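Asks: The residues making up each chain are set out below.
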Amino acid sequence: MGADDNVSSDDNVLVRVENLVKHFPVKAGGFVKHTVGHVHAVDDVSLVIERGKTLGLVGETGSGKSTLARCVAGLIPVTSGTVNFNGRDITNLSRGAMRPLRREVQMIFQDPYSSLNPRRRVGAIIGDPFTVHKTATGAERKRQVQDLMERVGLNPEHYNRFPAEFSGGQRQRIGVARALALRPKLIICDEPVSALDVSIQAQVLNLLADLQQEYGLSYLFIAHDLEVVRHVSDKVAVMYLGRIGEAGPKESLYEHPRHPYSVALLSAASAADPDTAAARQRVILTGDVPSPIDPPAGCRFHPRCPKAQDLCATEEPALVRYKQSAAAEVASPAAAAETVGGEAHLAACHFPVADGESLAAAGTKELA
Amino acid sequence: MSITEIDFQAQGAESAQEASGPVEGRTQWQLTWRRLRSDRVSMIALGVVILMIVLAVIAPVFAGITHHPVDTSYPNQGENAYGNPVGPFTNGFWLGSDSVGRDVFVRILYGARVSLEVGIITTAIAAFLGVAIGLMAGYFGGIIDTVLGRLTDAVLAFPYVILALALAEAFGPSLTIILIVITFFSWAGIARIVRGQTLAIKEREYIEAARSIGAGPFRIMFVDILPNLLAPVLVVATLYIPNAIVFESTLSFLGLGIQPPTPSWGNMLADAENFYQVAWWYLLFPALFLLITTLAFNLLGDGIRDAMDPRTERLIAARRMRGLRAKRRKAAGGSGPDSSLPDPVRAPDGS
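Respectively, the protein sequence lines represent chains C and D.
Position 25, counted from 1, in the first sequence is what my numbering calls 25; the numbers after and before it change by one each time, with no gaps.
Position 79, counted from 1, in the second sequence is what my numbering calls 447; the numbers after and before it change by one each time, with no gaps.
Because the hints were derived from the structure by calculation, they are not lab data.
This one's a predicted model, so the numbers in the text were calculated from it and none came from an experiment.
Incorrect hints may have been included.
Cross-link-like lysine to any residue pairs, in silico, SDA-like; alpha carbons within 20 Å at most [said to hold, decoys possible]:
| # | chain 1 | residue 1 | chain 2 | residue 2 |
| --- | --- | --- | --- | --- |
| 1 | C | K27 | D | L567 |
| 2 | C | K250 | D | I421 |
| 3 | C | K33 | D | G517 |
| 4 | C | K27 | D | D513 |
| 5 | C | K33 | D | I512 |
| 6 | C | K134 | D | F590 |
| 7 | C | K27 | D | F590 |
| 8 | D | K570 | C | L75 |
| 9 | D | K570 | C | V132 |
| 10 | D | K570 | C | K134 |
| 11 | C | K307 | C | V289 |
| 12 | D | K570 | C | R95 |
The task is simple: from the sequences and hints, build the whole structure.
Replies: Right, dumping it as structure tokens:
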């Protein structure tokens with residue numbers, strides 16, 4: 001692949017997030033509340049989402065994936081940084097100014113049970129976007145809703161049913177139909193299949209892929225299941241404690257992970273092929289994810305990292321670009337200007353992992 | 369297992385689902401009604417409530433049948449030789465006569481009109497206010513919540529009987545004052561419940577979904593949150609109606625509510641107080657109607673609350689199982705508790 005077919009040509013880029021920071025204040029005190037600290041949910045994250053492509057975002061619970069998604073969707077205000085959508089700065093717009101943009105950015109939620117109002121009929125739920133944006137009413141609205149239902153694989157005759165009358169997979173299809181109603185450019189999928197059975201996951205993922213082809217959608221796809229992300233994504237970014245640890249094109253990242261955290265995550269994922277699974281070393285991380293209220297100094301992963309040295313505790317590593325080779329070689333020039341979500345394989349680590357390097361020596365276990 | 373293999377299996381699963389035919393779903397209201405119907409106490413209470421409403425509505429019909437208009441005294445038929453009231457089923461007075469020879473039964477029915485009117489009107493207005501205030505406080509939070517919350521607390525903390533007495537004294541007793549006073553003290557409790565529910569519902573993902581499609585705060589409050597509040601509000605409202613009825617009776621009993629000659633259960637009781645030694649029926653029947661009506665509303669409210677709770681289904685099923693087991697035990701000749709089905713409720717050691 002060409003080394004420099006990067007994404008800085010803005011025509012390709014639908015969403016550009018720069019230095020996004022989101023802190024949540026932690027309040028204490030019974031009568032007079034005061035802020036005693038901040039949860040560093042997202043800390044200085046930059047990324048791009050290319051048109052018609054899928055950026056997968058992986059990370060443990062509490063790594064800030066969902067917060068990042070909600071910032072991009074404009075559902076919560078950001079602390080600092082900018083979100084640029086389709087060439088327009090949409091950071092912290094008022095609700096009125098955001099309104100036209102709602103038609104372009106939609107979300108699919110994790111829980112197909114709590115994301116559909118139990119008191120409203122499916123037709124009303126899917127038709128809501130039309131009502132809110134006054135794009136279709138009456139019979140026309142019903143026709144469009146039924147078209148959508150058919151498109152996502154639901155029976156249009158179930159227009160008058162309640163969400164409780166559908167299975168989990170069908171409910172998630174309702175969520176997809178609702179997100180699709182306004183013909184958005186970007187759909188943010190916040191763990192859309194993690195609440196579904198494995199057999200149903202594939203159906204929903206394939207539906208999402210079909211829709212992407214048909215409508216030229218871009219996805220920001222959040223998940224903690226690496227296999228799912230691999231299946232749907234073009235580019236993948238790994239998040240840890242509010243920062244991006246490693247990012248790159250799917251093949252490059254999955255075949256040549258450089259950040260020890262990515263290596264550990266990949267080793268924990270279930271493999272499709274039992275032979276590979278048996279051959280694989282399992283890296284077991286010790287300890288818990290540190291509190292995002294008081295994140296560790298230096299590299300945020302260093303307290304749990306098998307390769308950590310003194311430097312890691314003091315100096316925070318920057319994202320640098322790596323060559324696609326077996327050794328963990330830094331590409332030259334080591335352009336820090338590359339963006340997460342582009343063609344470059346980036347990782348933020350002082351001591352990157354080379355292909356085939358064992359992390360087991362450094363205090364991790366090997367599984368037979 | 370790879371994703372593509374899964375895909376293949378998934379298609380099989382889907383076609384199997386299609387073959388099993390449509391499943392008839394039930395709305396929550398249907399489920400609630402089904403549970404309520406299986407609860408005998410609630411159904412009796414509902415029957416009593418409906419009966420009371422019907423009696424109140426057709427009160428003039430009874431006045432016609434007995435030929436005793438509500439405010440007319442019958443000094444000849446309605447009083448005995450000593451000038452005291454006559455007892456039940458005497459001289460055409462079904463439940464006796466009162467101190468000035470009026471028909472107690474007809475007056476009780478007209479009193480029911482006042483009581484139900486006060487109960488239903490005040491509760492309806494209070495529910496409306498309570499929902500509006502609780503919804504705003506819960507949804508917007510922050511300073512709005514603080515202000516409305518303190519207002520609610522202030523009303524709940526008020527010694528309401530004293531304020532009611534003072535108001536009735538100051539403005540002169542009338543139906544309007546009663547309605548205003550009772551409404552004023554009823555909305556706060558409803559607002560508090562609605563606020564709590566709103567806080568819980570606000571965090572659901574479907575509210576975020578509504579925001580993400582661009583719905584405004586009022587659309588979210590009324591289209592997305594309000595339908596989820598109807599059930600708890602219905603339960604609370606059913607329990608507030610008897611409160612309002614008792615409150616009205618109390619005020620009327622103290623002479624600060626409905627003024628004679630207009631009958632109300634409260635002022636009938638106040639009048640009867642002086643005659644209970646010679647006319648027990650004059651005291652007993654209005655009190656009985658008051659008791660039965662408030663009891664019926666309370667039991668109905670409890671029943672609806674239980675019926676809304678999905679766990680009740682299991683409780684009813686468990687009760688049936690116990691009944692079944694008891695029957696079998698009897699049939700088996702009382703050979704001990706372990707003779708038939710094992711009882712999951714009881715611990716194995718029989719304690």
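Asks: Hint check: D/K570 vs C/R95, CA-CA at most 20 Å. Holds or violated?
Replies: holds (18 Å)
Asks: Compare the distance between the alpha carbons of C/K33 and D/I512 with 20 Å, and conclude whether the hinted pair is satisfied.
Replies: holds (16 Å)
Asks: Quick one, are C/K27 and D/L567 close enough, alpha carbons at most 20 Å?
Replies: Judged against 20 Å, a Cα distance of about 18 Å means the pair holds.
Asks: Given the hinted pair D/K570 and C/L75, is their alpha-carbon gap at most 20 Å?
Replies: Holds. D/K570 to C/L75 sits at ~14 Å (cutoff 20 Å).
Asks: Need the status of pair C/K33, D/G517: alpha-carbon distance at most 20 Å?
Replies: holds (17 Å)
Asks: CA of C/K27 to CA of D/D513, is that 20 Å or under?
Replies: holds (17 Å)
Asks: For the pair supplied as a hint, C/K250 and D/I421, confirm whether the alpha-carbon distance does not exceed 20 Å.
Replies: violated (71 Å)
Asks: Does the alpha-carbon distance linking D/K570 and C/V132 stay inside the 20 Å limit?
Replies: The given pair, whose Cα atoms are some 19 Å apart, holds under the 20 Å limit.
Asks: So if I understand the rule, the pair passes when the alpha-carbon distance is 20 Å or less; does C/K307 with C/V289 pass?
Replies: Holds, at roughly 17 Å.
Asks: Does the structure keep C/K134 and D/F590 at a Cα separation of 20 Å or less?
Replies: holds (18 Å)
Asks: Does the structure keep C/K27 and D/F590 at a Cα separation of 20 Å or less?
Replies: Violated, at roughly 30 Å.
Asks: With a cut-off of 20 Å on the C-alpha distance, tell me whether D/K570 and C/K134 pass.
Replies: violated (24 Å)
Hint compliance for this structure: hints 2, 7, 10 are broken, all remaining hints hold.
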